[in-house]
Amino acid sequence: MSPTTDKLRPPTPAGLLGRGLNAFSLAGKKYGAEWYIFLAGLLIVCFMIFMTLFPWLFTSFNPSDQNAGPQLAAPAGVHLMGTDNLGRDIWSRMVWGAQTILGVAFAAALMSSFIGIPLGLLSGFVGGPLDRVLSLTMDSIYSFPGLILAIAFAAMLGPGVVNITLAVAVIYIPTYFRLVRGQTISIREELYVEAAQVLGAKRWTILGRYIFPNVIATTVVIFSVNIADAIMTEAALSYIGLGLPAGIPDWGMDLSMGKKFLPSGSWWLITFPGMMIMILALGFTLLGEGLAELLNPKLLEK
Amino acid sequence: MKNLSKYLATRILLTIPMLLILLTVVFLVLRVLPGDPISAMLGDHAPPAYVAEKKHELGLDKPIWQQYGEYLWQLAHFDLGRSMILNEDVIAPVLEKLPATIELTFVSLLVALAIGVTLGAWAAKHRRSPGDYAARLYGNIVYCIPVFWMGLLLQMIFGVGLDWLPVAGRVGSRVITSDFEMTGFYLFDTLAKGDIGAFTDVGLHLILPALTLGVTLSGIFLRLTRANMLDSLKSDFVLAARARGLSETKVVYGHALGNAFVPVLTMLGLEFAVLLAGAILTETTFSWPGMGRLLLERIYLRDYPTVQGVIVIFALFVSLISLIVDIVHALIDPRVKY
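Here the protein sequences come in this chain order: A and B.
Oh and the first sequence: position 78 is 78 in my numbering, straight run, nothing missing.
My numbering runs 302 ahead of the 1-based position in the second sequence.
Watch out, some of these pointers could steer you wrong.
[What the hints assert, rightly or not] Computed from the model, here is a short list of chain A residues facing chain B with C-beta under 8 Å: (1) F125; (2) G127; (3) T137; (4) I141; (5) F153; (6) I277; (7) L286.
Honestly, the hints are just simulated from the structure, not real lab data.
Where is the CB? At the ideal position from N, CA and C, for every residue including glycine.
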């Protein structure tokens, strides 16, 4: 049997798995450490998303149950991470709190990309006074400490899940705008765009069919890194006390609660929420960085 | 030099529209979104007639474009206005708190640069070694540590646990600040008065907040330095220096790092914004009496003029730093042409 006909046969599950594992180890050899950075990030992110979707699989305690255990009990036995000042189980608050922070960060990143990307495309493609005004506006916001703007928004909107999402989303619009605008300008000059123009393609066709698909690939990388930033901003806002109404389990809020019991030596109250924030942000950073190195080594160095 | 001054003039002129845009955004956020200083002070159940009278007194009943115009007119005369809550000019609390924030940010910046640049240069020199990966991992991890959590951890370890360092405020309760206060920069003031006891006290209070902010920011500088060092190590002048027989240390940490530092310096302007955002969170954690705490206190009270004033000062501060960075860049790098 010749190798050509062999390839035409439908693959068996075992064959597929073998091929997958083979590709896996080959990628490890080809890309080196970057591949493992990417995998580590992917692993953390997948685990956290799984926990967000099925929190009841991870804990049997209700995060708001004030009778889950004794007050301020150190980590031991059924209370893996101890209990807080109200007798709530901390691990269950970590598990259910993942929904809040991940949901807000993801929604905020989506929202800012939905606004930033089209504006960046338009600005880079059309050019002229529109481009100048938009760029100046975006640059002004970009160069200013984003957290301060988010604080202003969050304080004025008042507590609420939607409000905190808006406050986080606003400050990352310039991130997408600047990236997409820059890419659009350089792609606009590419030969294939020129060819399409010569062949009589309409302006909108060029923007939608030729430029947009090329821009969107690099935004995926930024999206992942951006979620990490959004996670930190959400945590910061709720730590300050600007984010969410009481009753919603949230890591940042747990941290600011735990701060009050620091002098009494209740170390578990602040150790675990902070660690969760760090691990979640690290997951998205590593994922983004690994992706960037694998797709386009030059991107993050800029 | 003539070109340089022309460039700088353009740069300074460009900060005006940037400031204006920021101010407009903040003005709209504050005035269009719900809430105002009257209801923040009196609650929702105050008699409507009294609320209306108060609003009129503060000029909040005027159309928004008129309020905006009047505010800009004030600013154009270098007047930040008066607080709507307390009987004071906005500039008073700002001048009182600004030195605390500047002192904190500059010491933190030094910490971040010292750690970041050293580790970054070393990692680039030992590229793909276990040490390089460890340094990069360190960079990624500290970047993902929330500033306030780092602050709480350090407080827990060095303040509560070991009881080595103070965890709140700028000075201890036994030090009387009016004895030495001149500029508001306590490190400088205590030294100028020759009060070594107070200087030590101020220094001890600064250690944990500055470490908190410095370490969390060192990751960014590590990454920047490493990336630029890698480019720089590949360049011709490094090859030339090696060919001249200079010692490896001199080549790497003299020639290569010297050149790699220039792009790091140019990024300093942007990183300063991150530093200020971190400073706000550090101030909250360490009860540091700076601009960040002022902003948070007043934003709850809806004290529009003070909040706007703080933001104007922050924006000026950021623009000033990026201007200084550009000037220094032009002076130290002869290749820069404008």
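Kindly indicate which numbered hints from before are broken by the structure, ordering the numbers from low to high.
Violated hints: 1, 2; rest satisfied.
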